[in-house]
Amino acid sequence: MERKTQVHAELGKQEIVITREFDLPLKLLFKAYEEPGIVEQWMGTKVLKLENKKHGSFQFETTDPMGNKHPFSGTIHEFVPNKKITRTFEMENADFGAQLEFLEFEDLDRNTSKLTMHVIYRSVEIRDAILKLPFAQGINMAHNRLQEIVNKLK
Amino acid sequence: MELRRDVFQAIADPTRRVILTLLAIQAMTPGAIASKFDSSRQTISKHIQILTECDLLKQEQSGREIYYHLNPQGMKEIADFIEPFRNMWDDRFNKLESIMKNYKSDQ
Numbered sequence: 001m002e003r004k005t006q007v008h009a010e011l012g013k014q015e016i017v018i019t020r021e022f023d024l025p026l027k028l029l030f031k032a033y034e035e036p037g038i039v040e041q042w043m044g045t046k047v048l049k050l051e052n053k054k055h056g057s058f059q060f061e062t063t064d065p066m067g068n069k070h071p072f073s074g075t076i077h078e079f080v081p082n083k084k085i086t087r088t089f090e091m092e093n094a095d096f097g098a099q100l101e102f103l104e105f106e107d108l109d110r111n112t113s114k115l116t117m118h119v120i121y122r123s124v125e126i127r128d129a130i131l132k133l134p135f136a137q138g139i140n141m142a143h144n145r146l147q148e149i150v151n152k153l154k
Numbered sequence: 001m002e003l004r005r006d007v008f009q010a011i012a013d014p015t016r017r018v019i020l021t022l023l024a025i026q027a028m029t030p031g032a033i034a035s036k037f038d039s040s041r042q043t044i045s046k047h048i049q050i051l052t053e054c055d056l057l058k059q060e061q062s063g064r065e066i067y068y069h070l071n072p073q074g075m076k077e078i079a080d081f082i083e084p085f086r087n088m089w090d091d092r093f094n095k096l097e098s099i100m101k102n103y104k105s106d107q
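For the record, the sequence lines run as chains A and B.
So the first sequence is numbered by my numbering: it starts at 1 and just counts up by one.
So the second sequence is numbered by my numbering: it starts at 1 and just counts up by one.
So that you can see chain B by itself, here it is in the shape it has in the complex (with noise of 0.2 Å):
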């Protein structure tokens, strides 16, 4: 349960969505991610360390670079976590549409 309540952590933060979305594009060394911003090296290196924790990016050595790129199970861990939220909305409507059959069978 720890490691779900980080995920959304993990997305919370504006500069980590960015890399998700650059990685969702592409796959890309630490030194490309990080030329896309303002920050430190360091720093965006500190941002990747979370993703790759929270099981959100997977790393893949190629030559003498690694490329990091978006970890489709991770990504299904957030889909999850909305599954509830779907179910009881679902259950509602379907309570909606039950009533409402009846309803019209009484006209």
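Bound conformation, chain A alone (with noise of 0.2 Å):
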């Protein structure tokens, strides 16, 4: 079966490339990322900001289980409604710097679409420290419950 969502990320390059395909009309799946509301239930995150618009800028912060807050945010350089964003996004607490993001909205059919999200990092060692993100934490989280385990046996 063909993946919905992919991740092309060529060896050595700075930038990655993710599609997705969705079962929504092209103007629900652009409008998952114009609502304030609705970016907080599938980014599981606050939004503090949100100005869809040319020089307009956001800010998302995110509160982990144990209660630590990660601001997110980054400024936009286009937003054409059904069609593109083109924005910066940076983690605020972390050292990898900003990132340049070129979103492409598309309709496939009346009730399917298509987004591509272009990423493009600083350097590749950056790129790959962040791919590398959600298999560390995979690892830690792994760790933290073996800990916890051993903790309970003591």
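Hints in this document: simulated from the structure, not taken from any laboratory.
The structure displayed is predicted, hence computed values, not measured ones.
There are no misleading hints in this set.
Subject to a maximum C-alpha distance of 25 Å in a straight line, what follows is the list of computed BS3-like cross-link-like pairs (lysine-lysine):
#1 B/K76 / A/K4
#2 B/K95 / A/K83
#3 A/K31 / B/K101
#4 A/K49 / B/K95
#5 B/K36 / B/K58
#6 A/K13 / A/K84
#7 A/K13 / B/K36
#8 A/K84 / B/K101
#9 A/K27 / B/K95
#10 A/K53 / A/K114
Reference excerpt, derived from the structure (chain B facing chain A, CB under 10 Å, subset only):
#11 I11
#12 F85
#13 L96
Glycine included, each C-beta is placed from N, C-alpha and C at the ideal position.
Each of the two chains sits in its own frame; use the hints to bring them together as a complex.
Take a look at the structure:
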């Protein structure tokens, strides 16, 4: 089966392309990026600010299970409804710096649409580190879980 | 786990990435690989050694010559690293899809 979400990361490049086909009309897909209340639901983050316009900016904040706050933010360079969003994105408490994101929305037919996210990082090393993040977190979680079990045994 | 971390270290180096790209096209002898670089043969040989240790390359003896090939299994290790990242986005997008399907039916 063809996977709905695909990540293309070529060896030695400082960019990735994420594509996803949705069983949603284009307008609904775009709305999920436009409406702060909806962004909060699917991104699992608080939306502090979201100015959908050229020269606008956004600020999100996620709280992890330990209660630590993780702010994300960026500037919007292009905002063309149902077509594209060009923006920067930065995790404020990480050392990765800003990344540049080109989001393109297109309709496939009346009820399906496609999102292409082209993300450019400052260097190959930063890209690879970010790609590895969920992997590293998975390991950490497994490790914490192990620690919990061990603590109970004590 | 140590080995997997090494794979990413192996491909972090620009010379080693060029070696991988060369070998993606065809199997080559160490001499042929070294001839593509200005660096000394020893330096290149060190890079080849690191790539081999990380299972990204395989050696094959052909007569007197040793040929290096890409090891598809080792390259898959890199793809496996990316899988949790892909899953993270897949989960988010699945959520987006189900939220918007309900949104549609609310209208």
